[in-house]
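Could you fit the two chains together into a complex? Lean on the hints.
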Amino acid sequence: MSVGEELIRGIFKENPVFRLVLGICPTLAVTTSLANALGMGLAAAFVLLGSNVAISLLRGIIPAKVRIPAFIVIISTFVTIIDLMMAAFMPNLHSALGIFIPLIVVNCIIMGRAEAFASKAPVGPAIVDALGMGMGFTLALALIGSVRELFGNGTLLGFSVPGLDAMPVIILILPPGAFLTMGLLLGLFNFIAQKRGP
Amino acid sequence: MKELLKLSVILAVICCGAALALGCVYELTKEPIARQQRLKKQRAVKAVFPELPLGSGTEGVTVQLCDNDSPASCREILVLAAEERVSGIALEANASGYNGPIVLMVGILPDGTLSAISIISHSETPGLGANITQESFCSQFSRLTDAESGLGLKKNGGSIDQVTGATISSAAVIQAVREHVSFFNTNRLEIISARTDVCREPPCP
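Sequence lines, in order, name chains A and B. The first sequence begins at 326 in the working numbering and counts up one residue at a time. The second sequence begins at 258 in the working numbering and counts up one residue at a time.
Okay, chain B solo, but in the shape it has when bound (with noise of 0.2 Å):
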């Protein structure tokens, strides 16, 4: 009995000591990622509007959109403004990829053309699955105006040239693209009416 409280004494003083340490460092790394991740959000929304003069920060409002009062369907949308009118809307995308999730950025402009996109992570295979991140594949996507009906990849009909060796990644990409696209076209007015502060529809002031 009394070895078993000594030994247990033992570990939970290694325990502490280990849970301390692991508080500092928390509390000390907190800040520095969560900035990490605030980065990498405002550099693939950057990315998606090239034309667009974004700086601030301030022209970007986000607006949540649920479906049927399911708090599982509720997206999150960026919508920017610029010059008192809505000038994009920037769309976070999870396509499934090979081997695993694809974290997207979809950009779009208000009449429902495509502006750009780009891939915020992946786990894709080197060297063929991850060149999805390079110029190449992304920039064609680049000013899609039938984005909806007419993206899909080359050998079904569409207009994009796949990755090599890269089909899977390749067409998880082009689905969430086009899925979110979709979604963009189906509420756009819902979602363009959710900036109240500036004009909504033309005739514009």
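Looking at chain A on its own, in the form it has when it is part of the complex (with noise of 0.2 Å):
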């Protein structure tokens, strides 16, 4: 597989969220706006650059009977970077995704490409595998949350929309719609999947 097939895998065919079906609770949490749902993305996927890059190099010395262990002090090391960074440079976005942030380190997205790739891979290729996987999460996160902030809040980033700000789906934005939304989602992403055959 060339490189750029490598980056855009996890845009699509292997997507995390759409066609993986992986790191769902942070993707139905947080997706209330797209300002949010692009802060999660790119936090997550800072982490699993991060985490991939580290566990590469370490690779040869991590003896696999203590692997887990040491994957999970790597993540959650980059998890606690990224979360005093937002604090002390992004204090809102680091307030409305609050508790979100320390769950990253249990998000499976990460804990699968480092046991499934990075373990496996030279540094190279496990950047590029963080990149498309974080591209693909961040993607994903961002179309949820624009429809659901589109539609349960008629703006977008913050701004009204013309038309759709008179009358939002107020339930888009609650707990249930985040369901609804990500199963009419998966949905689409299926029936792509099935059109464009194996």
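Hints in this document: simulated from the structure, not taken from any laboratory. The beta carbon of each residue, even a glycine, is placed where N, CA and C say it ideally should be.
What follows is a set of in silico ranges between Cβ atoms, one per label pair, in the way DEER data are often shown:
1) A:Cys-350 with B:Tyr-283: 22 to 28 Å
2) B:Gln-391 with A:Val-494: 18 to 24 Å
3) A:Val-494 with B:Cys-273: 48 to 54 Å
4) B:Arg-295 with A:Asn-515: 46 to 52 Å
5) B:Val-266 with A:Lys-445: 19 to 25 Å
6) B:Lys-298 with A:Phe-504: 36 to 42 Å
7) B:Gly-422 with A:Gly-329: 46 to 52 Å
8) B:Met-258 with A:Lys-445: 25 to 31 Å
Sample of chain B residues facing chain A (criterion: CB under 10 Å; computed from the structure):
9) Glu-260
10) Lys-263
11) Cys-272
12) Ala-275
13) Glu-288
14) Gln-294
15) Thr-382
What follows is the structure, encoded as structure tokens:
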């Protein structure tokens, strides 16, 4: 597989949210607005990049028997770094994302890529994989976030959208709206995947 | 045994590396985080006293008031002064909202009038309870003279229009504001006399 293919694999063919259905808890919880979704997606992508590089570099040293605790320590280090950085330099976004930043530690996408890819691949491909998967996760969150913010609140990135802001469908920004939006988009992605064939 | 030792050492080395990295980042971000928190509080104090000229921060003095020597009941109260008189009292209040705590700043004028309120942080439902931060809700608390008795939702005979679809969040804010206004009214003299550097009761020179 070429570098380009590796990179876009995470965006559609193996999209973590719509194709692999991983990391659903933060996906459902923080996508109430496009800004929150982008913040969460980029934070997770940063952690994924950091942990993939570190785990790939240390793959010769980490014994198989203690690989899971070692991965968790590495991942939680990057999560704490981004948590502190956001609190210091992006306080508004940090307070909007709240508990979901620390919870990136248990995001299955990051653990999954560490276990399935980074622990077996050299640094170069691990970086490409992290970028692809990180982009796929961010784009999926942004898509759900835009739909929910646009129809549920009548705004996009906080700006009112004429025509939609008069009668927002409030249920879309409530928890049930997360499941509805996610389910419909998941169906759409499956439909497209079936059309394209295996 | 030998393998166990090897595994432990490797894991310990990884943990040390992680601890070192975190220590550095913590040191780097400690000051900016503290500054953000100070700024947030300053902005809230400014927001609850829109008519007072606040700037340098020297006009406020924080005093502590405790009930019956129990340290848990202590409250930090910011007493502001301008032109040799106490000009305002800012109290930080905690309300239990729908999804978690709501932290707000309550500004009270020395005569007991509610100056204004400002929401510092909350975790209410976006689009519903989160609208408690909006001007249309908060401005109803501005310049209320009968805050202790008249504060309440319209449907309970009060003067406040609730946020649509968010009775619990609205009531929590009202409850917290009422408690703090009545706390101030009860302890008014004690709080105002905490500022020993200014004239306390009229007539003043």
